[in-house]
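Listed below are the residues making up each chain.
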Amino acid sequence: MEVFPILVGISLVVVGLVVWIYFRMSSSGQFDDLDSPAQRILLDDDKGHIASKHSPADDSGKP
Amino acid sequence: MSLGQRCYHCNEPVPAQGLWSARVLGEDRAMCCAGCQAVAQAIVASGGENYYAQRTSNALDPKQLDRLSAWADLLEDPAWTGRHIQTVPCRIKKSGQALANEETDQNETTLAIEGLRCGACAWLIERVLLQAPGVSLARANASTARLRLRWNPNTTGLNALSQTLLKLGYAALPLGAGQLEEQRKRQEKLENRRLFIAGLGWAQVMMLALPEYLHGSQIDADALLTLRLASLALCLPVLLYSGSGFLQSAFTALRQGRLNMDVPISLGLLLAFLGSLYGLWAQASAVYFESVTMFLFLVLGARRIESVIRRRTMRRREELSLEPPVLAHRLEPEPGDCPPWRLQDDDLIRVPSGARLPADLELLRAATELDISSLTGEPHPVGKEPGDFCPEGAINLGPELHGRVKGSGAQGSLARLSQLAEAAAAERPQWSHWADRVATKFTLGILTIAIASITWAIVFQEPLDQWLPRLIAILVVSCPCALSVAGPAAYAASLAQLLEKGIAVSSPDSLAKGWALKTLAFDKTGTLTEPESSSVVMQPMGNKAYTEAEIWEFVEQLTENSHHPLAMALFRASASKFASAEPGSGRSALPAVQAIEQKPGLGMQGQTHNGKRVRLGSASFVQASPATPSDANRLEGAEMASLYLGIEDELIAGFWLNDRPRPDAKATLLELQKLGLDLWVFSGDRSDRVRALAKTLELPCLQAIGELQPEEKLQKLRHLQTSGHNVGMVGDGINDAPVLAQADLSIAVSASAPLAKQRADVYLLRPGLRGVAEFMNMAQRTRTILKQNIAWAIGYNLTAIPLAALGIIGPAWAAVGMASSSLLVMANAARLLR
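First to last, the protein sequences are chains A and B.
As numbered in our numbering, the first sequence has no gaps in its residue numbers, which increase by one up to the final residue, 63.
As numbered in our numbering, the second sequence has no gaps in its residue numbers, which increase by one up to the final residue, 834.
Simulated from the structure, these hints should not be mistaken for lab results.
Possibly wrong hints are sitting among the right ones.
Across the chosen pairs, the derived CB separations fall in these ranges [unchecked claim]:
1) Gly-9(A) x Leu-824(B): 21 to 27 Å
2) Phe-31(A) x Leu-229(B): 31 to 37 Å
3) Asp-388(B) x Gln-30(A): 52 to 58 Å
4) Gln-30(A) x Gly-257(B): 38 to 44 Å
5) Leu-364(B) x Gln-30(A): 55 to 61 Å
6) Gly-29(A) x Arg-350(B): 24 to 30 Å
7) Gln-86(B) x Ser-27(A): 45 to 51 Å
8) Glu-500(B) x Gly-29(A): 36 to 42 Å
Note that beta-carbon positions come from the ideal geometry of N, C-alpha and C, so glycine has one too.
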């Protein structure tokens, strides 16, 4: 059972690490805008897709 | 023509099909106006068509932008740029080469973007700006409607970039880099961090508490101590970091001799923590560290949801309260109109009657009266003598005034901007005031029960580990969140929803006034009817001493600065006459009409160059001795003219206006009637015309009274009020400002006088009357939701507190009960968003 206090200590250290990572993320602006990045990636990616949907002539079959 | 068709771009109704359209995503889409069409075409041309496929909210109506585009000029003014633009030194790559697009020092700033509403907007803005020459960074934030921009000052300028945005249907405003902004951002970050820490702490402490929950008796003393010490190590920082907001607020309140909802929360937290500490030291049978963290997390979570809703409402209000800059009419040193920030110290300017002061002034010449209600809330006009100081933003109620500018105009304009933002931000106190009032009584009750419980324990000499959990459970389970969070949340949700529908509500109290209404009175001209669409027929009369061009010129001069809907219709008619006239028949060199003033409820009056009185208005106003002119009856059957123009006592022309009811008037009135309201029409117009209108609307219940002077309207309203009704008034504030002020609830339609817009409880941002019915509907729905929430909160507390006091519910379950109760009432409030 000697290992038990060590394990508990390690878990506390991991919690500290998680907190540190979260604070870093929050300072870098990661959570400032939860909406646009999701849209941005969709819109930039969809360019070829939508064009091919509406103008079949352009459909060269490339991804 | 299909009536229900909506604009593909901005979702406003399409007035005439086939007139405007744009090809978007491979199909022709109907548009409501040339503005939307141009914006849609610009978006497609810029390659941002996907915006339409991905957007989650409709675009802003470009007409709303026109009024704000003048602010863009301030973006180039040194008074703003000096403070809000940072220079970013050029970055050199390791290879010694400059980064592409950044070969020189860059400018950087943050702007507020009106119309930036969803992620797709952000994408479109970034895409187009990054294509523009000289822009090296564009980051649009859809949750705060802000844009961070970095550009090369040698290649492009903010003015050019704001023009680019305007073409896409967005307005860049010189807000956004202020102190308030920073403060708001910091606050939000702190709220998120506190919530995260509490959540993480709860999960960890729960994990450590689980062995004790499941096998408490079998764990050896050393292991138990380790678990409890680890719990303490996690719980203490969580309590100090995440709970500091509650503890500080409660401490401040107690020191000032007040009670607020944070007092029982803090007491619960501290008691549970100190009790656990004692349990740890005395090796008691239970500790409550997990209850502390869970309680913190749940309360913080509930508050966070409420503050997200509130911030969203606040930001929309802030956008809407922003008005176009007041144009300054400069007389010296160089005469001409200019934006207020171009004014210099000691410039001489004039301010027309009824206009807002564009800068701080020292009054010259004659005395005047100012309305300073928007600055200080003082409801009565304030008299000013020559030499007195007149604050920027006040409204001139007297005749045209002349004044000398004090201080530079730019400082004033900037101050005004931040003032508006602060006014929108200050929305909070009203709600928390309400919440605190409820919480105070509630807290008092809870503390009484808690003290009774301790007394009980002392009298019957109970051991500590029996009465302590009971006490903690009482304090935790009874959290007044259900009462004090749910009210503001319901108000916030319905205000947010009303804003989406184009209805600006001055304060949450207006909703309460709305649902108490029994009677609603309407003004006729400009409110029920639509003078904008009316046609004007003119017929010269009398000895025909004046040519038609001269008559129209009198009209144009008399009506130029009036906001009365009939005057505005006449002004438009005269302006279009001159615009379409052939060469030679244009304006004659008629000397200017002087001393023009508006007689409320009567008409316009002025003086010709040779001192004769010229009047425009009803026959009785224009002619001292009213006699129906014989040739007036020959036009359009036997109907008398709506307005006359007269010089001294002689009528020189009559004007026939046919103002039609607004297209949505009937549907709105029907809906209001279904809500159980008594409907009245108060009008200054002739009774037969008012009755005719009531007849076209085909509503037998509509009680219409004509020929009312403004004072008579007021009397009528008071009469209805004294017979025990709550009476609301819908008007445009032109002949009915005192009536609007006297009404229990005032609703100003979209084309109202500035004063009415500002003072009205409810202000419709979109033309038409639909908003009136939508507001009344929403007010009644809000009442239902509030009633349900309060009923739940009372029922829950009446059940849960006795259970906790009897020891049936432990501290942990108390926290769960409290939180689920809070979440339930908030979910109920969120129904208003649909």
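Structure-based check of each hint:
1. Gly-9(A) x Leu-824(B): 21 to 27 Å: Roughly 40 Å apart at Cβ, these two residues miss the hinted range, so it is violated.
2. Phe-31(A) x Leu-229(B): 31 to 37 Å: Cβ of Phe-31(A) to Cβ of Leu-229(B): about 33 Å, so the range 31 to 37 Å holds.
3. Asp-388(B) x Gln-30(A): 52 to 58 Å: 54 Å, holds
4. Gln-30(A) x Gly-257(B): 38 to 44 Å: Taking Cβ atoms as reference, Gln-30(A) and Gly-257(B) lie about 43 Å apart, which means the hint holds.
5. Leu-364(B) x Gln-30(A): 55 to 61 Å: 57 Å, holds
6. Gly-29(A) x Arg-350(B): 24 to 30 Å: Check failed, 48 Å falls outside 24 to 30 Å.
7. Gln-86(B) x Ser-27(A): 45 to 51 Å: 19 Å, violated
8. Glu-500(B) x Gly-29(A): 36 to 42 Å: Cβ of Glu-500(B) to Cβ of Gly-29(A): about 28 Å, so the range 36 to 42 Å is violated.
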